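The residues making up each chain are set out below.
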Amino acid sequence: MTKKESELGENLPTKRTARKIFGTQQISEDDASSLVGGIVEKGFSDNPQFRPTGPSYAPRPTVLPFPVARHRSHGPHWSAKVGGSNGIDEEDQEDFTGMNMAATFANPVQRKEKINLDFSWLRETMNKNGGSVPYEKKRQGHIIGSKEWKGGKEANKKISDGSGRRILTQDDALLNRTDFDAKEKDVTMEDEVSIIPEEVKEKKQDILAMAIDDGQGNFKCSTAENFVQTKERPRGGIIQAREGFKGNMEPQLQNRSIKDIEVDMEMLVDEQAATSLESQIDLENRARLEKMSADEIAEAQSEIMTKMSPKLINALRKRGQDRLKKQKISVSDIGTNGSSGTEQKRKNLINEPAMSGASSSSHEVLKSSSEDSLIDKDDKVVPNLSSKGSSLWDSWSKRVERVRDLRFNLDGDVVKPDFTQVSDAGNMRAHSGYSADNVSERDFLRTEGDPGAAGYTIKEAVALTRSVVPGQRALALHLIASLLDKANCSIYQRQVGCNMKFAEADGSIDWEAIWAFALGPEPELALSLRISLDDNHNSVVLACAKAIQSVLSCDINENFFNISEKIPTYSQDLFTAPVFRSKPDIFAGFLRGGFWKYNTKPSNILHLDDDPIDDKSEDEHTIKDDIVVAGQDIAAGLVRMGILPRICYLLETSPSAPLEECLISILIAIARHSPTCAAAIINCDRLVQTVADRFAANEQIEIYPCKIKSVKLLKVLARVEKKNCIMLIKNGIFHKVTWHLYRYPFSLDQWVKSGRDVCKLSSALLVEQLRFWKVCVQFGYGISQFPDLFPSLSIWLNVPTFPKLIENNVIIEFAAITKEAYLLLDALASRLPNFYLQMHQGMEVTAEDTEVWSWSQVGPIIDLAIEWTKVNSIPYISRFLDWDEDGGYCILQDSEVNCLLWIISSVMHMLSSVLKAATPEDATSLYNGHVPWLPEFVPKIGLEIIRNGFMSFSGLVGTSDDNNAGSGSFLEYLSHLRLKSGRETSISSTCCLHGLVQVVASVDKLIHLAKHEFHNAPAEYQKISRDEKILADGILHSSVVELGVLLSSFMKLIANGWQCIRSIEMFGRGGPSPGVGVGWGSPGGGYWSTTTLLAQQDARLVMYLLENTQNAFTKDPSTDEEVPVLKYLDFGIRQFLSRREGFKPFGWKYEEEEYLLFANVLATHFRNRWLSVKKKLKTTGNHNHVNYKRHKKGSLPLETIHEDTDRPLMVGQGPTSLIMEWAHQRLHLPIHWFLSAVSTIQYEKNTDIPVDFLEVARGGLFFLLGIEAMSTFVAAEFQSPVGSIPIVWKLHALSVTLLGGMGVLEEEKSRDVFETLQDVYGQVLEKFNMESLCFQSEIHESYSTFVETLVEQFAAVSYGDMVFARQVAIYLHRRVEAPVRLATWNALSNARVLELLPPLEKCIAKGDGYLEPVEDDERILEAYVKSWVSGALDRAATRRSATFTLVLHHLSSFLFENVCDSTRTLRNKLARSLLRDCPRKEQRQNMLMELIQYKKSVPHAEPISNVASSLQICVGKRFQLLKEACEGNSLLITAVEELESSTHLHIEGMRLS
Amino acid sequence: MGETSSSTRNLPLRSITREGQRDKTLQGISVKCSSNCKDMNAPDRYERFVVPEGVAKVSYERDTKIINAASFTIEREDHTIGNIVRMQLHRDENVLFAGYKLPHPLKYKIIIRIHTTSQSSPMQAYNQAINDLDKELDHLKNAFEADLLRHTGSQSRQY
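If you're matching them up, the sequences are chains H and E in order.
For the first sequence, our numbering assigns the number 3 to the initial residue and increments by one for each residue that follows.
For the second sequence, our numbering assigns the number 1237 to the initial residue and increments by one for each residue that follows.
Calculated directly from the structure, the hints in this document are not laboratory data.
Please note: incorrect hints may appear among the correct ones.
Within a straight-line C-alpha distance of at most 20 Å, the following computed EDC-like cross-link-like pairs (lysine to aspartate or glutamate) qualify [claimed, not checked]: (1) H:K1311 <-> E:D1299; (2) H:K1483 <-> E:D1328; (3) E:K1301 <-> H:E1309; (4) H:K1404 <-> H:E1343; (5) H:K918 <-> H:E946; (6) E:K1337 <-> H:E1354; (7) H:K1428 <-> H:D1418; (8) E:K1301 <-> H:E1310; (9) E:K1301 <-> H:E1350; (10) E:K1343 <-> H:E1354; (11) E:K1337 <-> H:E1310; (12) E:K1345 <-> H:E1354; (13) E:K1301 <-> H:D1314; (14) E:K1337 <-> H:D1314; (15) E:K1345 <-> E:D1280; (16) E:K1301 <-> H:D1418; (17) H:K603 <-> H:D627; (18) H:K1483 <-> E:D1280.
Label-pair ranges, simulated between beta-carbon atoms [stated by the list, open to error]: (19) H:E1539 <-> E:D1299: 32 to 40 Å; (20) E:P1339 <-> H:T1347: 43 to 51 Å; (21) H:K1404 <-> E:V1291: 38 to 46 Å; (22) H:K1404 <-> E:K1301: 15 to 23 Å.
These numbers were taken from a predicted model, which means no experiment stands behind them.
Idealized CB from N, CA, C, for every residue including glycine.
Excised from the complex, chain H in its bound form (with noise of 0.2 Å):
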């Protein structure tokens, strides 16, 4: 309060002297009203006198710089009125259009003489006119003219200046007339409801208010302020409230600016009960502000309601039903609000199989999927093709559109409208939506939809972050940040891959919308959050701060990432910056997938400060472009704001811990973000600086939450460039923030004694050192330290003595930090060079100023990690070894269990890269093709692995029956744990299984080549023990059984698995909303989630097993991978061949050397399509990718990897980065992936290597015929991806072939396959008959275009190839979309090929899906006649082509079947034209005679005679029907009339035949 007033009171004149009584009653009501629903505007007056002589409008920014905290409350709400959803009280508010119109469009003069004008005198006639008046106050002759509406203060200023005077408009029943009344109405039904709920609200808010400041501790400055404010509002409110009821029941006592408030004191002075009641209400007030219940305001409330009169109450009462009922009905109509629910679900469901790609179409998914996708398929059945065709954007937006309306509470939850109360009348609770409870809700701060609603909208709260008062706008920011907090939590507990599928009815909130209409461009949130961080209240700053943070999604980002880390095969983090992948062009046959591009471009997000010659860019750059960008990328936009030095300088002055704290998550968030956004971190002026020096400035051993992230900050930034990490090394900040790993090591006694909330702190903060560590380490720097660090680690390496640790429950602390020393060991290990190459040539420094490591520190570490392989010893899991497969057992602390599987995985896989180390890179190159001699580890591990149980080798024949027998290995129980546990021990195990197998691959392979040793001493051989044995015979072989069950399980677990990736690309632009990581807003979190992280991680391990275990399989493994593969796929497309009824053998086969042609051509071009990169990069990430695809094609359930297609793209020995992009890359891959062979025309430009197009199509072909083939051999659990994709594409990939030229045809094989392929689809289109082929809007919009030009090709250069043909009538099918079918066959007509069409029996699938049902599109009819008229089906006729059938069919349908009304202007106009042509030719008359005579021919049903009677008699009805279309025309009459003759003899000749 006094800081507002001085800042006004200089300019104040008539204000001062109001505050020289300030105490007193009067005036604190007078201050109050000021403040109660008057927010003002910050520098701006209240006062006429000095109020600035613009217009005003909505506060919009425009200008560079930031523009001062500006307030709604200073534009009129007009121009910010939001179309469509607004509209609840258009026609209360229909006087006001025409003023917001003079407003926006008047220059300030004009209107201010628009204020002036004093409407009252109008009013006040009326109201004298008005005959029942039941206020005193009307009979005393006050006329108040105010002019009060939602959000409208400053035309109520505005106007009471002219008339100081108020208006009662209680009575509706005559002041209806005019709209004036209708406002009228309109306000004093607002006021009515608002009394009480002002005040509460206000205290509430207070209140509120204070518990934030309180509860941060260090805010109590402004909590004394705001406290302040909050003795005198309230009160105020109260007092004005009860001077209304007192005094004649004026209703509009709040919202009113002071001069009213003014004015309206004079008049209560003649009110002398009032002033007499004044001082108890005061009282009563005071006391009640001391101890504010729920009953007090019950009782506060009957109280009102007692001295209110029954008559006004009614009146109120049917007042505020009208009005909610106009609402509802408003409501429904526009359909943008729940209670349309049940209409709005239905059409969701209808378009639900187009919103997730493939389900609708998809035949297996559709069988076995859920009740969901049953009730979709049904759904469809229903031809409801025009809300098909809406696209699964628009009901996207749909549903953002609809949290338009969304009110909030204060906890961020939906407050619903209560509409459904309203029927109740009876009580005074109902009609209003309010009641005593919910009453604190009201207040005056709305400014859009119904001002009566409870709680806020995203809109309303982010204007009230603008407020002049502090406490409102941290209570905003307080709203939004809980309100995204919850959206975010709820988007990301809801399952992976349920995308689009949100039904309303069910009474659940759509936070998916939410999410993305809040950090959409509409709300301005950025902008918003950006000036609320300039506060100059610290409460607000930190409430800002929060809710960055979650908009940013900090939190369940880290979560995320801190689970990934955890994994030791996850080398590269993702950016998170939203991105969307480019549009599909026809080059490549509009095949989606096309490369990533950032949401917002990169070079938008740093706008060039440093660009002074060029004055322009000033003028130029809004921050308009800033709202674009951050409406793009919300944070994004948030670094173009210059949040960036704001947050430095925030650091710099030391703010309080939360604080710091948030603020260092929001770097976090932002280094995370892209490239671009990490780099200005970096280079920001000392922020990295001030980060590292607050994390040093006090030396204690103490750990705050703020230093554990400020080392996270560090890491991620170090992560994300190489060059930043050597930074971080120079300038001393890297030893800075890890000092912690070189203290003196203590022993874990110590540790385990400083307490468990120390324990988890300082495990948190180690945890984060080590991984900065690994960070360097990985970029080659920092490893020379080790020997200093390694005393220090030595104690979280050993294996702990565990009961220690359970008795004093940091268990899990600890296995934190060993799994992450260990993690870095793995990535020391890595860095060793290899063991024979520096036997042989003593150490040789690479070129580089990186470090390697040295074996001698190894010896050690393997000591202690060969420790942690006696599983037998870790309690918890020592448990399982003995775990009965019968008895079953649960997992009880799951959490323990896994993070000790972490330090079993991280201790895998350190070993594996020892071992991976050890093995001599080249084995040609070794004399004899062995080893000299094997490092004493290695069978070491490998013995120990044998012992501890890790495998059962019950595949060993004789030694079953050892000890290991009957219990179940450590493998088996892995496995099992992933099948039956929760996500995060299901990755572990996976993780653990990946090790393990690595390490005895790695063991196995260094035996072998060191075997001859064995052979040279067979007698010691037959004395080894049985574990010694199996070393010898190789790990992996004796396990054999074991391996194939593991590997058999986890392809079926991947088999399905890539169902949750699909939902994650349904829309164009950043997924569902420009959000920050969690998957953009997608549900679960899409791709940041466990499950896409679960899958991953299985799909490593398959692909793990099949690489480096075939050869445990297989005695002999085939020296060439690629052409089996290709021989089982024809192998199984003749088996199919031969199976299917319907399809005849191939009459040639495959040569060798075309197996080995297509295995070049489609792994060339798989990989130059599919995993490339847009930037010219080192290719030497691509032997890596032969292989996996390769793979992939090797082993079929397995090509539905998608997941794990991230793989690292530049493995090379230098990485730059440790964080991937989307952008400029493919991956992952669409589903359809496999169809790019055939579908594309021209593709890749800028490769080098010139792509033979017709072998990549030919290729293609046999590859997609060899999966179709084969997945129908697949077990019906696995929902091949293959028949899950809609059988249009597919169709369409053909076609696209065909485009690229006719060479496909010309070869013989490739045009059987295609032939063959067409049949497949044609079949399949007969099994899924209600399925419709929406070429347009399931391929591409302009899918017309691009049949023209299939048939333009079709047309030039196909010499009518039958297949050809059938490909493009295939377009002509009943079931293809109208748009689609026209343009075929206008073009098929143009180019006079109709007669090329091959028969109807002869095209893909049944005739009847041709001709069925009757064609009713008036424009296809149109074009048939055209066509006949115009003689292009000439020839059609005489070849029985399946035009002709086809226009015969229907236009007979048309003409002589479904004879109505409703039709018969066309059907007259159709037969005319058909008449009029016939005589001039007689091939025409002889079509018009058959399309008479014709009827769809049941073949050899009956004998020719029986026909012809039967003909003769609907002939006769057809002939009638022609006449009357001719209407009257006597030349049409006699065309029809020899046509009959003719008929007559004709169908004479063909009975006597």
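Starting from the known structure of chain H, arrange chain E on it as the hints suggest.
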């Protein structure tokens, strides 16, 4: 189609196997635009109608896979000729397939593909079509001129 084109163009279209004759009426047009087009890699404009030395105006290639099928490449022509020839070919009872395409907007040639019954041959059908077109256009021209004469005559009589 104007009268000049009908008289000048039908000649080279028939000279199938001979070396390409350049359209004499068009030779006079010099290469004016070449300087304008320097900065683009689009071909010079005269390329559209000047058949290069050593290139046949029309070349004939039999299709090896299908009997009685062939493609004719006509240099320096576009849809004007392509469409009219194709439609004329469609009138031929013996032609099973007739189509033309412009392989590329900047490659100034068309390819006409013809497939006929055994009663005819692509070459025959092609020649027939050209002849018929010639006749028809001549007829058109004559009719037009006669009418024009009558019209102008009647006009002059009025004076």
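Hint check:
| no. | hint | result |
| --- | --- | --- |
| 1 | H:K1311 <-> E:D1299 | holds (19 Å) |
| 2 | H:K1483 <-> E:D1328 | holds (17 Å) |
| 3 | E:K1301 <-> H:E1309 | holds (10 Å) |
| 4 | H:K1404 <-> H:E1343 | violated (29 Å) |
| 5 | H:K918 <-> H:E946 | holds (18 Å) |
| 6 | E:K1337 <-> H:E1354 | holds (8 Å) |
| 7 | H:K1428 <-> H:D1418 | holds (16 Å) |
| 8 | E:K1301 <-> H:E1310 | holds (10 Å) |
| 9 | E:K1301 <-> H:E1350 | violated (26 Å) |
| 10 | E:K1343 <-> H:E1354 | holds (17 Å) |
| 11 | E:K1337 <-> H:E1310 | violated (24 Å) |
| 12 | E:K1345 <-> H:E1354 | holds (16 Å) |
| 13 | E:K1301 <-> H:D1314 | holds (15 Å) |
| 14 | E:K1337 <-> H:D1314 | violated (26 Å) |
| 15 | E:K1345 <-> E:D1280 | holds (15 Å) |
| 16 | E:K1301 <-> H:D1418 | violated (42 Å) |
| 17 | H:K603 <-> H:D627 | holds (12 Å) |
| 18 | H:K1483 <-> E:D1280 | violated (48 Å) |
| 19 | H:E1539 <-> E:D1299: 32 to 40 Å | violated (49 Å) |
| 20 | E:P1339 <-> H:T1347: 43 to 51 Å | violated (19 Å) |
| 21 | H:K1404 <-> E:V1291: 38 to 46 Å | holds (41 Å) |
| 22 | H:K1404 <-> E:K1301: 15 to 23 Å | holds (20 Å) |
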